[in-house]
Amino acid sequence: MDYEISLLTTMSISVLFALSLNLITGFCGQISLGHATFLGIGAYVTALLGKAGLPFLATLPLSMLLAGAIGAVVGLASLRVRADFLAVTTMGVGFLFVGIIRQQDWLGGELGISGIGGSGLSKTGFMLLALLSTAAVAALCLYIRASWMGRVFNGVAEDEDTMRVLGIDVPRYKLAAFAIGTALAGLAGALYAHHLQFIGPDSFGFVESVTVLSMVVVGGIGSVPGVVIAAALLSALPAWFQFIGDYKLLVYGGLLFLMMRFSPGGMAGLMSRFFNPVQTSAKGER
Amino acid sequence: MLALELVAQGLVQGSIYALIALGLTLVYGLLRILHVAHAALFTLGAYVGVMVYNATGNLPLAFALAMVVAGLAGVATFRLAYQPILSQPPFVALIASIGLYIAAEETFRVVFGASGLSFATPPLQGQVALFGGIQFKTAELMVMLGTALIIAALGWLQTRTRVGVACQATVSDPQMAESFGISLRKVRDINFFVGSALAGFAGVWVALLNNLVEPTMGSVPSYKALAIIVLGGLGSVRGTLAAALVLGVVEAFGTIYLGKLLDRNAIAFAFLILVLMLRPQGLFATR
Amino acid sequence: MNMTDQAVAPLLRIADVTVRFGGLTAIDRVSFDVHPGELLGLIGPNGAGKTTMMRSITGVVRTTAGGVELDGVRLDGMPIERRIRCGLSLSQQLVKPFRGMSLLANVALAAGSAKTSSPLKSLLHLSRREELAVAREMLERVGIAQHAEQNPAIQPLGILKRLEMARALALRPRVLLLDEPLAGLNSKEANALSSTIQDINRQGVTIVLIEHNLGEVMRICSRLVVLDNGRKIAEGAPRVVMNDPAVRAAYLGGDTLASAAADQSDTTTACAALGGQHA
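Protein chains in written order, with the working numbering: chain A, 670 to 955; chain B, 1077 to 1363; chain C, 144 to 422.
Bound conformation, chain A alone (with noise of 0.2 Å):
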């Protein structure tokens, strides 16, 4: 039982953590390759202020909300930079954010912080909060996409420079979506360090930004459905088949490339060109 425990925890991380990215790329379009960078600064706070003594339901806010300042200022960079030029500043981000982790001692360097716990949570008790707060994230994604905000969101990712000619004040609604997305993040972020309760420079790298971008094209980008299935079945799969253990960067790679090259609108674009062929083919003539 216990190992389906950690298991359903695990995944239910991996997809708030997915749903986060979710908002900023699917939602907004903007692209990033740092995203684990604000997985890890959720991580590293509450780990810290874990340590220095403060209770666990207290450093999640704190969680939130330096990484979702954090991630406002990479916020900005999109304001200066689109497309190709963001996704290699957003990857650039990432690396300086292992490098410096790397290099301090206080954080723990290259050996990471261990022993991280004190949720004060039974392993149950900590399964529901986390399937909690995901079902809470998801339900805000589901409201956000309905609200205007959602409307404006997916006007900017289509075609940003026709939003400004109808009035809307695009940079902010880009730093709105960096807020929020990270701010999530973080909350995954400190969710993970005190299920895995040990954190290292290693387990927020390109990998890990890289994995839960693979999630949300996976399940179709902005489909809040989709990715909460994607996010499910990959960070799944490596438990699921013992055999794949060694190769889940590989099957993970692969299904990236194959997804993209094969169907880029993901599962969720499977399916409704499954369900309603007609649509997708006259939108595929334009």
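Worth flagging that the hints you see were computed from the coordinates, not collected in a lab.
Keeping only pairs whose Cα atoms sit at most 25 Å apart, straight-line, the calculated SDA-like set for lysine to any residue is:
no.	chain 1	residue 1	chain 2	residue 2
1	C	K331	C	A291
2	C	K264	A	A807
3	B	K1262	B	P1160
4	A	K917	B	R1185
Some residues of chain B that are not near chain A, with every Cβ distance over 12 Å (derived):
no.	residue
5	Q1085
6	T1132
7	V1239
Computed from a predicted model, the values in this text were never measured in an experiment. C-beta atoms are modelled at their ideal positions from N, C-alpha and C, and glycine is treated no differently.
Using the hints provided, position chains B and C relative to the given structure of chain A.
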């Protein structure tokens, strides 16, 4: 003295970066794709080079085969992976390329083993003292020389031959070029071949410098080459060369003076972010 | 400058606007006023600076000197989205609808500007019932209500031009800028669309129309401003302006003749307009 040594080190590293980034820039100029998987060809070249040298003891042959194999693999990558998704939004190709790179890196690990290969008897390892006492490995001098030669040759090819001119025309205006009877497909193939061959060439040099090839050897250069072509203003060949050398030198100094604060990769990307925030169009963009 | 105009305060005032790109002066001290309720045509031969003028009004191009005022509010230095919020609205020459949504949703997005003025505000509003009603009304005004539920990706250019106009109208602008709305349409479509523009103006919307199609401009505009080589060379009632020797020279003389001849339909309408044969 130390400064001079650091500049020299930086130029050696910068030459390697330049060789890798050049292919990336060629691809970007032509297709607007951030071709992350390019670094897999660099790794492939290194493996081929080491294996051929260990089997034959012939270094020029090792280089030649590494370049040809990497070049052909590059063309195959273009035809099978990128050509069908050119009409999609740019992030599609970028993510596909990242996926491809990860899969390739893992394939190297599965096929050749995680521990890597090295030369049985590594060539060009002698020490030479230059400029009043700075020690260079023969291989280090050769890589700078080789880079300079190959770039000069490319420059000559680009401006003096039909094929080169056709490539340039295609970069600046694909439709116009096509209406003049230039085959887009051929130009793209050639670009991928040349760019990938350069990556293979760089791979063998890195194998010589470190006397080691391993599956992950491409990852850092791959991301750094992205940083370099962005620094160079995306798609500009001269900008890329300059950015590669500048970055090599910045890193060399950075690791000495900022090493306590940041590691080597972080220094490179801190420099990148700084430059982009000040000049969003890159360091050497002409447009 | 014009004595009779001083009675009514201008809605949009262009004062001594100069735009230089490097050493090239694209707009050279151009001034004109747009009065409430009028349909002003901004015309000139190719390369006269019409597009640059438009862009300096919307803020896409920075003015080197001079200023733009909307109802007494200085717009200089504002980015385009703030100018739009101040009451300008732009119907772009290159129509760019959002492809993932219906025509109606496209217009509703613009109609929601009150709810999208800040991210927080936008997060607190879900319903778009009112906006859909406004959008439907706008689509009716431009005459494409029957296509409301369709996807813009499958529409012909004529409908997309009207969609673009409906979207601009949905912002409830005080001044509507139309950037070559007739470009790319055949003469029948152009005629129908300019009649629609005239109707919209009669319903009380102040319009600045930038247009190549002189025949239609002459037909619907109440006043014209003519640019040539970045300068204003004439201003006034259409017939008077068209009989101005400077305007005739700009359109028919020198190197502009070649470019006019390149577009057969343009030349014929221009000649028709200049000859005073229009309806």
